[in-house]
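Undergrad: Residue strings, one per chain:
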Amino acid sequence: MKKQEDMSSSPARRRSARSIHRRDFLRGAASLLALVASGGCGSDRLAAITQRHLKQLTRPELKETLERLERQYEAKYGVKFSVHSTPPREETLYAYALDLSRCVGCRRCVKACVKENNSSREGGQTSAHNMPIEWIRVLEMAKDRGVDVTHSTAYYEPAKVPREGHFYMPVQCHQCENPSCVKVCPVEATWKERDGIVVIDYDWCIGCRYCMVACPYGARRFNWAEPHLPKDQVNPHTHLLGNRPRYRGIVEKCTFCIQRVRNGRYPACVEICPVGARKFGNRLDPEGEIRQILERKRIFVFKEEINTLPKFYYFYGI
Amino acid sequence: MEGFVFPNEAHVVWSVMIVLYPYITGLVAGAFVISSLYHVFQVTQIRPIARFSLAAAFVFLLFATMPLLIHLGRPDRALNIMITSNLTSAMAGFGYIYSSYLALVVIEIWFAFREDFIQRAKSSSGLVGSICRIILLGDLYSDDRTREVDHKMVRFLAGLGIPMACLLHGYVGFLFGSVKANPWWSTPLMFVIFIFSAIVSGIAVLIFHYMSIAWLNGWKIDQDCVRVLGRLLWGFLIVAVALEFLEVLSLAYQQTEEWEILNHLIMKKLFWTYVVGQYLIFSLVPLLLLGVNALFALEDRFSNALLWVASLMVLVQVLLMRWNVVIGSRGMREARMNTVHLTGLALLVLAGSATGSFAAEPAAIYGRDPAHSSPAPLPPPERGLPPNPAPNPKPDEHYPVAPPPLSEEFFPCTGCHNAKQKANPERRKLGPPHDAIVLKHDEQNRWCLDCHDEKNRDKLHLANGTLIGFDESYRLCGQCHGPTYRDWKLGIHGKRTGMWNGKKEYLLCAHCHYPHSPGFKPLQPEKAPARPEDVR
Numbered sequence: 005m006k007k008q009e010d011m012s013s014s015p016a017r018r019r020s021a022r023s024i025h026r027r028d029f030l031r032g033a034a035s036l037l038a039l040v041a042s043g044g045c046g047s048d049r050l051a052a053i054t055q056r057h058l059k060q061l062t063r064p065e066l067k068e069t070l071e072r073l074e075r076q077y078e079a080k081y082g083v084k085f086s087v088h089s090t091p092p093r094e095e096t097l098y099a100y101a102l103d104l105s106r107c108v109g110c111r112r113c114v115k116a117c118v119k120e121n122n123s124s125r126e127g128g129q130t131s132a133h134n135m136p137i138e139w140i141r142v143l144e145m146a147k148d149r150g151v152d153v154t155h156s157t158a159y160y161e162p163a164k165v166p167r168e169g170h171f172y173m174p175v176q177c178h179q180c181e182n183p184s185c186v187k188v189c190p191v192e193a194t195w196k197e198r199d200g201i202v203v204i205d206y207d208w209c210i211g212c213r214y215c216m217v218a219c220p221y222g223a224r225r226f227n228w229a230e231p232h233l234p235k236d237q238v239n240p241h242t243h244l245l246g247n248r249p250r251y252r253g254i255v256e257k258c259t260f261c262i263q264r265v266r267n268g269r270y271p272a273c274v275e276i277c278p279v280g281a282r283k284f285g286n287r288l289d290p291e292g293e294i295r296q297i298l299e300r301k302r303i304f305v306f307k308e309e310i311n312t313l314p315k316f317y318y319f320y321g322i
Numbered sequence: 035m036e037g038f039v040f041p042n043e044a045h046v047v048w049s050v051m052i053v054l055y056p057y058i059t060g061l062v063a064g065a066f067v068i069s070s071l072y073h074v075f076q077v078t079q080i081r082p083i084a085r086f087s088l089a090a091a092f093v094f095l096l097f098a099t100m101p102l103l104i105h106l107g108r109p110d111r112a113l114n115i116m117i118t119s120n121l122t123s124a125m126a127g128f129g130y131i132y133s134s135y136l137a138l139v140v141i142e143i144w145f146a147f148r149e150d151f152i153q154r155a156k157s158s159s160g161l162v163g164s165i166c167r168i169i170l171l172g173d174l175y176s177d178d179r180t181r182e183v184d185h186k187m188v189r190f191l192a193g194l195g196i197p198m199a200c201l202l203h204g205y206v207g208f209l210f211g212s213v214k215a216n217p218w219w220s221t222p223l224m225f226v227i228f229i230f231s232a233i234v235s236g237i238a239v240l241i242f243h244y245m246s247i248a249w250l251n252g253w254k255i256d257q258d259c260v261r262v263l264g265r266l267l268w269g270f271l272i273v274a275v276a277l278e279f280l281e282v283l284s285l286a287y288q289q290t291e292e293w294e295i296l297n298h299l300i301m302k303k304l305f306w307t308y309v310v311g312q313y314l315i316f317s318l319v320p321l322l323l324l325g326v327n328a329l330f331a332l333e334d335r336f337s338n339a340l341l342w343v344a345s346l347m348v349l350v351q352v353l354l355m356r357w358n359v360v361i362g363s364r365g366m367r368e369a370r371m372n373t374v375h376l377t378g379l380a381l382l383v384l385a386g387s388a389t390g391s392f393a394a395e396p397a398a399i400y401g402r403d404p405a406h407s408s409p410a411p412l413p414p415p416e417r418g419l420p421p422n423p424a425p426n427p428k429p430d431e432h433y434p435v436a437p438p439p440l441s442e443e444f445f446p447c448t449g450c451h452n453a454k455q456k457a458n459p460e461r462r463k464l465g466p467p468h469d470a471i472v473l474k475h476d477e478q479n480r481w482c483l484d485c486h487d488e489k490n491r492d493k494l495h496l497a498n499g500t501l502i503g504f505d506e507s508y509r510l511c512g513q514c515h516g517p518t519y520r521d522w523k524l525g526i527h528g529k530r531t532g533m534w535n536g537k538k539e540y541l542l543c544a545h546c547h548y549p550h551s552p553g554f555k556p557l558q559p560e561k562a563p564a565r566p567e568d569v570r
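Line by line, the protein sequences give chains A and B.
5 is the number of the first residue of the first sequence in the working numbering; add one for each residue after it.
35 is the number of the first residue of the second sequence in the working numbering; add one for each residue after it.
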């Protein structure tokens, strides 16, 4: 199996002389082109265009990149931004559990996620494809059918939930141990970090959407247009691989709120859930909630037959 | 059922460009196979079209990755695929196969057309002559021996090219067939279907172009050649259609979960493009026409007309098949893309490519350096990070709960109830100020003082008389709800906020469950997501 590396913890990597030569050549050529194209725009803009793959950055380069991003976001959104790159913790494998017997389908998680993660809102430019981006989708299912996606709907709109005879199944990125999306990405713009979170390098993604086609959980979203993020709704506390504002033409998805969980906090969807159906923790901690659930409750993973090995478990609390 | 094809219903992420891409690649593979039939298998009747088909393969090849490039959200980053190729990605893998195939076709063309270039270089002195000289690398010598070498090389490369053409297009099939998320794509038959449909479309495009060009220029059509091509097309079309049909038939027979979705798609949303278009019109009619053409001795003009119409229809059939696979199977609610429009677009590409307008495509220009793709050594693990989670509190410790949900209006209770006051134990409808309390919590067996303490109204009491504060009410609830109490202590039941590996705040039972009527009250849901068709 291919080794997974973490961008954030990679110091200057040894490269063969040849690859340095070639990469530098490409980079040089790209820089020159960009310089011509930008006609002497700010150096930040140039740096943005010639930005390399995050995993290839040396530590000082990473620092520079973070500072530049902060400057650029600040200029764009008019608030002080922090873009950090907190690395994975040792002996941590994040996992999520969702109690299907509690979820009432209120979609509070969906909206909290949008807010926390600077997702594109409603009311942007009226491009053909432009729609608000939501990483969580809540499916309404009939109790007498069980978990049956074919007969489910995400567009239920009753006055009150839960609706008689129905239960609800939220779906978001399952942070698979064997992620199909990572496998198909032609440019390695998405990878699995050491703590199990599947992340995307927004500056490297070419927007081919192969990952979206390959994801069995429909977890990924594409920015068909420039994301619509009003200045007064920005969350300026961001992670490089997480909720920093995105651009047109690239793919994004749930990262378990990497900007929060790497700093020890619960994801936003966990904290908002009014019924406490959402559980998060370290899969490797025998005392943690996740292990307790795995130990005491009956769980299932969605589409287990396709062997993606999700770290997102559904369970029945009662 | 609204035809919800999870997860595919959300948005059609692969659109018309990804329809054209396998379509054009199929034309390449098909045209190449035909040229090889002459060069390798000595089907001499198709000699007039042998080199034309090679040139056609080359021209289509130059175009093949254009749709992919246009499809990208960030075409400016297309070169990233050269810098960090992911070896497990079918799309990146396609780049390798595509590049090597392009090299092979270029070399074969060089040998196949060498004589022509030499003559051209000798006869014209201007720019054309110079270009020919450059192409020939300055070597204008030719005699029987060099011609023999050219011949042998072409034959060798044509032979090598057949498996590569199959690989090229089989790989395009793999691009779809390897997607396990999509039940209609994820079948091993996908490769074979793609290869056969590629050959079919390749033959059809050659017949179509050959005849059209001949008619436009007033050339005489070589009847032997088109007759053989017509038969080949008929044969390959039978296999291709049969395979496509068998795939659906087996799914229909197995009646697995996927079939419910597919059945719905095929009979409703894709009825016109799939059942009517792909099968009833554009498969059956050409099969019939080609069959008549092959089995009966028709007059040349009539036979040619049949063949021309049939080949055009086959081109549409393959395009429809690609469209149904790529877009149709994504379960879009309505096939908004007008198929006539799409056909027009495709034919435009065909015409454009046939005139030989050459488009530079990055993937073909750059070679690849495998050193880039091999994983670099893992960096040393990071040390000195925050320590791992503090263990949960031991059972029966005091839990860090949020303050109990008591309103100042009522609490402290001793504001009204004093210790000397005798409580009324009668089960009754409560009057003001407690008239809002209607007990729906084992009300047959319980009344106020089973939980509230008579002597100290600011406290609750357990069954054994132990007084507890409202901030410990979980102990009271836990007396009856044992398993839930256990789950709550472990963090399985109820909400926790704060740090997943450190200080957290629990909620009391009473925060979510009103103790006098603990059933969870229905909520107003947040707005539903936008439907893709509402946005478009």
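Calculated directly from the structure, the hints in this document are not laboratory data.
Please note that the accuracy of each hint is not assured.
As the list claims (entries may be wrong) - Derived coverage of chain A by chain B (criterion: at least 3 residues anywhere in the stretch with Cβ under 8 Å from a Cβ of chain B; other residues may be distant):
hint, region
1, 65 to 78
2, 108 to 121
3, 153 to 162
4, 199 to 213
5, 237 to 246
6, 255 to 269
7, 274 to 282
Stated by the list, open to error - Cross-link-like lysine-lysine pairs, in silico, DSBU-like; alpha carbons within 35 Å at most:
hint, chain 1, residue 1, chain 2, residue 2
8, A, Lys119, A, Lys196
9, B, Lys454, A, Lys115
10, B, Lys474, A, Lys115
11, A, Lys164, B, Lys555
12, A, Lys301, A, Lys164
13, B, Lys537, A, Lys119
14, A, Lys80, B, Lys561
Glycine residues also receive a C-beta, built at the ideal position from the N, C-alpha and C atoms.
Undergrad: Is B:Lys474 within 35 Å of A:Lys115, Cα to Cα?
TA: OK: B:Lys474 and A:Lys115 at ~33 Å, within 35 Å.
Undergrad: In terms of beta carbon proximity below 8 Å, does the region 108 to 121 of chain A have 3 or more residues touching chain B?
TA: holds (count 7)
Undergrad: Under the criterion that the straight-line Cα-Cα distance not exceed 35 Å, is the pair B:Lys454, A:Lys115 satisfied?
TA: Status violated; Cα separation ~52 Å.
Undergrad: Are A:Lys119 and A:Lys196 close enough, with their CA atoms no more than 35 Å apart?
TA: holds (24 Å)
Undergrad: Has the region 255 to 269 of chain A got at least three residues whose CB is nearer than 8 Å to a CB belonging to chain B?
TA: Answer holds; 4 residues pass the 8 Å Cβ test.
Undergrad: Apply the coverage criterion to the region 65 to 78 of chain A and chain B: a residue qualifies when its Cβ sits closer than 8 Å to a Cβ of the chain, and three qualifying residues are needed.
TA: Since three or more residues must qualify, the claim that chain B covers the region 65 to 78 of chain A is violated, with 0 doing so at under 8 Å.
Undergrad: Would you say the region 237 to 246 of chain A counts as covered by chain B, given the rule of at least 3 residues with C-beta under 8 Å?
TA: Since 0 is below three, the answer is violated.
Undergrad: Report holds or violated for chain B covering the region 274 to 282 of chain A, Cβ cut-off 8 Å, minimum 3 residues.
TA: Holds, because 6 residues of the region 274 to 282 of chain A bring their Cβ atoms closer than 8 Å to Cβ atoms of chain B.
Undergrad: Decide if the proposed pair is consistent with the structure: A:Lys80 and B:Lys561, CA atoms, cutoff 35 Å inclusive.
TA: The given pair, whose Cα atoms are some 29 Å apart, holds under the 35 Å limit.
Undergrad: Does B:Lys555 lie within 35 Å of A:Lys164 when you go C-alpha to C-alpha?
TA: holds (9 Å)
Undergrad: Count the residues of the region 153 to 162 of chain A with a beta-carbon closer than 8 Å to any beta-carbon of chain B: does the count reach three?
TA: Answer holds; 10 residues pass the 8 Å Cβ test.
Undergrad: With a C-beta cutoff of 8 Å, work out whether three or more residues of the region 199 to 213 of chain A approach chain B closely enough for the coverage to hold.
TA: This one holds; 6 residues, not fewer than the three required, reach chain B with a Cβ under 8 Å.
Hint compliance for this structure: hints 1, 5 and 9 are broken, all remaining hints hold.
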